[in-house]
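Listed here are the chains, written in short residue letters.
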Amino acid sequence: MGIQTWTFIIVGITFAIYIGIAIWSRASSTKEFYVAGGGVSPLANGLATAADWMSAASFLGMAGIIAFSGYDGSVYLMGWTGGYVLLALLLAPYLRKFGKFTVPDFIGDRYYSNVARTVAVIAALFVSFTYVAGQMRGVGVVFSRFLDVEVNTGVYIGMTVVLFYAFLGGMKGITYTQVAQYCVLIFAFMVPAIFISIMATGNPIPQLGFGSAGEDGVFLLDKLDGLMTELGFTAYTDGTKSTTDVFFITAALMLGTAGLPHVIIRFFTVPKVKDARKSAGYALLFIAILYTTAPAIAVFARTNLMETVEDTPYQEIPSWFTKWEDTGLIAWTDKNGDGKIQYLPGSAIDGKKPVFVQGKGDYGQRRISNASTTANELYVDRDITVLANPEIAGLPNWIIALVAAGGLAAALSTAAGLLLVISTSISHDLIKKQFAPDISDKKELLIARLAAVLAVMVAGYFGIHPPGFVASVVALAFGLAASSFFPAIVMGIFSKRMNREGAITGMIAGLAITTYYIARFKLGWIGDPETSTADDWWFGISPEGFGTVGMLVNFAIALVVSRFYSAPPESVQEIVENIRIPSGAGDAVDH
Amino acid sequence: MDAALRKKYWRENLKYLAILLVIWFLVSYGFGILLVDELNTIRLGGFKLGFWFAQQGSIYVFVILIFIYVRLMNKLDKKYKVNE
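From first to last, the protein sequence lines are chains Y and L.
Under this note's numbering, the letters of the first sequence match residues 1 to 591, in that order.
Under this note's numbering, the letters of the second sequence match residues 1001 to 1084, in that order.
The hints are simulated quantities; they were obtained by calculation from the structure and are not laboratory data.
Given the structure is predicted, the values throughout are model-derived calculations rather than measurements.
Keep in mind that the hints are not guaranteed to be accurate.
[Stated by the list, open to error] Here's a subset of chain Y near chain L, in silico, CB distances under 7 Å, partners left out:
1) Leu77
2) Ala88
3) Gly211
4) Gly214
5) Lys278
6) Ala280
7) Ala288
8) Ser319
9) Asn578
10) Pro582
[Claimed, not checked] Sample of chain Y residues with no beta-carbon within 10 Å of chain L, all distances over it, derived:
11) Leu89
12) Thr250
13) Lys353
14) Phe356
15) Leu552
Just so you know, even glycine gets a beta-carbon here, dropped at the ideal spot from N, CA and C.
Just chain L, same shape as in the assembly (with noise of 0.2 Å):
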């Protein structure tokens, strides 16, 4: 594989794992703690809204996301044919 080539496959992937990581961040940080109050306002059946993402949604969010991730990147290295 030549340079340029592996160049571009290390940007894809970056860029993968920068909007991964946003959600990452987003659903964790953002919804379970900066934003916890204001989404308490809002009701998920029995629960407060951020409450829930705190103790429930962010994890979910967690493992759907490395799924995410596994597909994205099989599906990059058969691209790059760097796959095994």
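Chain Y on its own, in the form it takes in the complex (with noise of 0.2 Å):
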């Protein structure tokens, strides 16, 4: 059978399942909607945690980021992990014993103040719409590569099926599909990889294999290193960004992470404290499995390609490489004549993609019409480390299959969390706490329910007409979480004296000069280009990392604005020394 066959089998099969655990896990009320009831066990939730977590970028992008920028790509190895570490020790089990349903119900009673609670819901919104978007985008894109179709039905479909299950089951639904997604995404992941480990070196474990040597007895990073010097690239172990830089982005994906409103509400769906400190470990080992092969399969790919391609003839080249240039992933100009690939430093085109002109060039590549100057004759997708493993190892056509399937489960698993979030903070947070709170518990449902069928909707429409900057407002997602929530929270929990006056104008500072910095320095849309440049950051900091500084702020403001205004009162210190004892967690309030 072929490829494409499988590929509409494999995805429709896990689309029914996802399709009858919406079913059969319908939500009857709004605990079930907001936190699945509060039931789910440790490590079904470490498994749903996991699968909310990694996107598709996780799982089609990151080995390829890592493949073509080396130790660099440690910032994300790092900080899309450690900051699990901060979760479970500084947040999950105390917010789990507060016992409510959102984050912004926790900063609002924390700090007695609905403009905290509206601050709070604006950043959500903000953080999970920024985010969403690419998620749809990444759905649409998936399905047009695998199953031939325009991006923008790929999204339509995306939206149809997301919408089946949080339409119904709410976070119950999405609990428990992501369960399955996780698994289907982790065995897709990881089947391509163990076959490319013991090519390469022999040896199964991709993490080990990657410090192995392959045949020639060379250890493969040792190889890898040579190859690149040689050719005049930066060796693959060290890194071209400055230590201060890799300090602070690492810091701000760690902190971010931890501020992430989609994945702090996971641990409010366990019974107990005890429950979600575990889950917290469960859910961190089932992301390192990923992201500890991630780097490995990244030095499979570019040893692989570094080693078929540079300067072979095109014509001796593998059926690989002229099948993903058939999909524009790859594309080659001959600039010297020689026939042969120079895979070289530097850009081997003008602008971000190859554009593609009509006709062939004399070894029958396809031409392109914005060929750069440099030397480098050689155009590569980074997404391509990942899609094209399976051909590469040569594994049959069900495999590859299963990776399409392993890309739309990641994609649509973190949308449908991330729309959770923007639901509740519709139904709850908005319109019970601030407008009607006397609503009965079967009409904020429904409204929940409605405010998921918007979510889906708007973000759908971001997924088709995709904002020019969606690439770039994941930065500013990890930052405004760095410099807003986490410190909040983490100052409710660890200091009686926090009062609201010191956290709301600490969030404030932080979201406003977070937001300052990568509109200026990310986005160019304030202040003169000329002065916004790589020299001038500040401190040498790039965009990615100033949440860590826009974190500081937030503590510095907060800790200074607090010693000037009274104290918490009584009632409020109270449900700080109640949430530092885990007893008593038992289910989540009612209210």
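Make the complex out of the two chains shown on their own, each in a separate frame, by following the hints.
And the structure:
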């Protein structure tokens, strides 16, 4: 059977499973809709958190980013895992004990202020919308690549599936579909990785394989460093970013991870405080399986690429090369007219994507109109690192189809988690808490469902008409989460003295300075472009790493301002005392 | 649970947090970033040690740290009878 048929079969089966789970796990109360009834086992919650966390970008993109940035890629590996230690130790157990439904719930109650709640709701909505727009686009791209449909059609299909289980089951439906999605995505990621590792080094464990030697007895990493320095690249195991910048980016990603609402609310779904701690451990374990494999795939793929293509005549290139050339992920221009591929530092093209034109070159290659003047002749899209793996390893068609299902599982699970945060923010934090506190549970559930529909529509709209800045807004999402939620929650738990004045000014200051910095240096919306280059960065910190500074500003301002106002009322200090003691979490508090 | 006992429980909790977070900082920001060049002169099989910490070791330690924390806290909860 061909790849196409297999893809339809496997994707069809997985979708049927997701929808089946959605019907089985319908929510009948707001508590089930918001926190899955608070009865999810730590193991299931760990699996669901891992699927929620790992997006299409983690599944398809991360190995590629690392393959083409070497040591610098470590910021993502450490940044997107280390945050779970902060979550487990500083946030999850206490928020679970607090026992309500959302992050703005905590901020609003702990800081006894609807202003604080509103700031939190706005930040939660903003962070989640920026994040989900990219996910819906990701769903469309995966569909278009594997099933040969238009990207927009892919977005519509994805919207329908997510809508189905988000509408019916809320958090309950999402949790159990995410468990299934984790299984699909990790299997799809690991099988090709294991085969590639065996091919490259004879070791079936990729994590060990990329530290082993190939058939020639040379360690793989040494060989790759050698190949790269010889051609004028920086050695793979050395970085090009400054140490300061690596430090700040890693910190911003960790703090942002710990402050992302769609991750935090997952810990409201387990029965007890000790389950919250344990499920953070499981979540990181399941995430680590993929995150420690990705750098291995990166090394195998980069070495393979360098060895296969450099100075190879185009006519002798393996078939996977021309296949991916057909899809536009690879492009070659014979700049020096020798018929061989030169793969050197520098961009092979002007702009971000190759522009293909009619007709073929002398050797049958596709022609492009935007070749650059550098000596580098080869354009390679980073996504190819994971996509081309099964073919390079010569794996059967059904495994290639499985990778498609894995990519879709990753994109759908993350999108669903984010959509729940958006709908909960609207129905619970805005309507129930601010406008209509007296509505019945049944009515609130209906509003939550309608909010989910609305959120899917808006996310779908952004998926079809992606705002130009989508790629850069992920930096914004993490920066804002790091500079607003993380400090506000940590101080709410660890400082009894922190009052609403301190917390609110801290959050606003952190949000403002981070937004300003990213708007100026990343999006170019404010300030003179002449003075907004990398040389003008404050302390050499890139916009991606600035969330760390925003977090420090938030802490500093909050601590200073809080001293000028009276301590929180007795009842609030009691809340703090209470969340520090694990016993009595029982059920999530109804209200 | 009286106030003095609560305070003691919280102190012990904070002590655990401090120790675990120091290790958390050391393996990632220390070994993986600030000291990476020095550690790269040491080899672990085919890996340079600093590079290994940045792309593998730190993640393993993170996972272990959380499970150690779970164990420590479960014991502490039992000791102060605040377990469920």
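- Query: Does Gly211/Y meet its interface restraint, that is, does its C-beta lie within less than 7 Å of any C-beta in chain L?
  - Reply: Check passed: Cβ of Gly211/Y comes within 4 Å of chain L, closer than 7 Å.
- Query: In terms of Cβ atoms, is chain L entirely out of 10 Å range of Lys353/Y?
  - Reply: The claim stands: Lys353/Y keeps its Cβ more than 10 Å from every Cβ of chain L (closest is about 29 Å).
- Query: Can Leu77/Y be said to touch chain L, with a Cβ gap under 7 Å?
  - Reply: holds, 5 Å
- Task: Using 7 Å as the Cβ threshold, decide whether Ala288/Y counts as touching chain L.
- Result: holds, 5 Å
- Message: Restraint: Lys278/Y near chain L, CB-CB cut 7 Å. Satisfied or not?
- Response: Holds, about 5 Å.
- Task: For the hint on Asn578/Y, just tell me whether its beta-carbon gets within less than 7 Å of chain L.
- Result: It is violated, given that the least Cβ distance between Asn578/Y and chain L is near 10 Å, above 7 Å.
- Distance rule for Leu89/Y, whose beta carbon must clear each one in chain L by more than 10 Å: violated, 5 Å
- Task: With a cut-off of 7 Å on the beta carbons, see whether Ala88/Y makes it to chain L.
- Result: holds, 5 Å
- Message: Given a cut of 7 Å on the nearest C-beta pair, is the interface hint for Ser319/Y held or broken against chain L?
- Response: violated, 30 Å
- Query: Taking 10 Å as the cut and beta carbons as the points, is Leu552/Y off the interface with chain L?
  - Reply: holds, 15 Å
- Hinted contact Gly214/Y with chain L - closest CB pair below 7 Å: violated, 10 Å
- Query: Does the claim that Thr250/Y lies outside the interface with chain L hold up, using a Cβ gap greater than 10 Å?
  - Reply: At roughly 7 Å from the nearest Cβ of chain L, Thr250/Y sits no farther out than 10 Å, so the non-interface label is violated.
Going down the numbered hints, you'll see the structure goes against 4, 8, 9, 11, 12, while the others check out.
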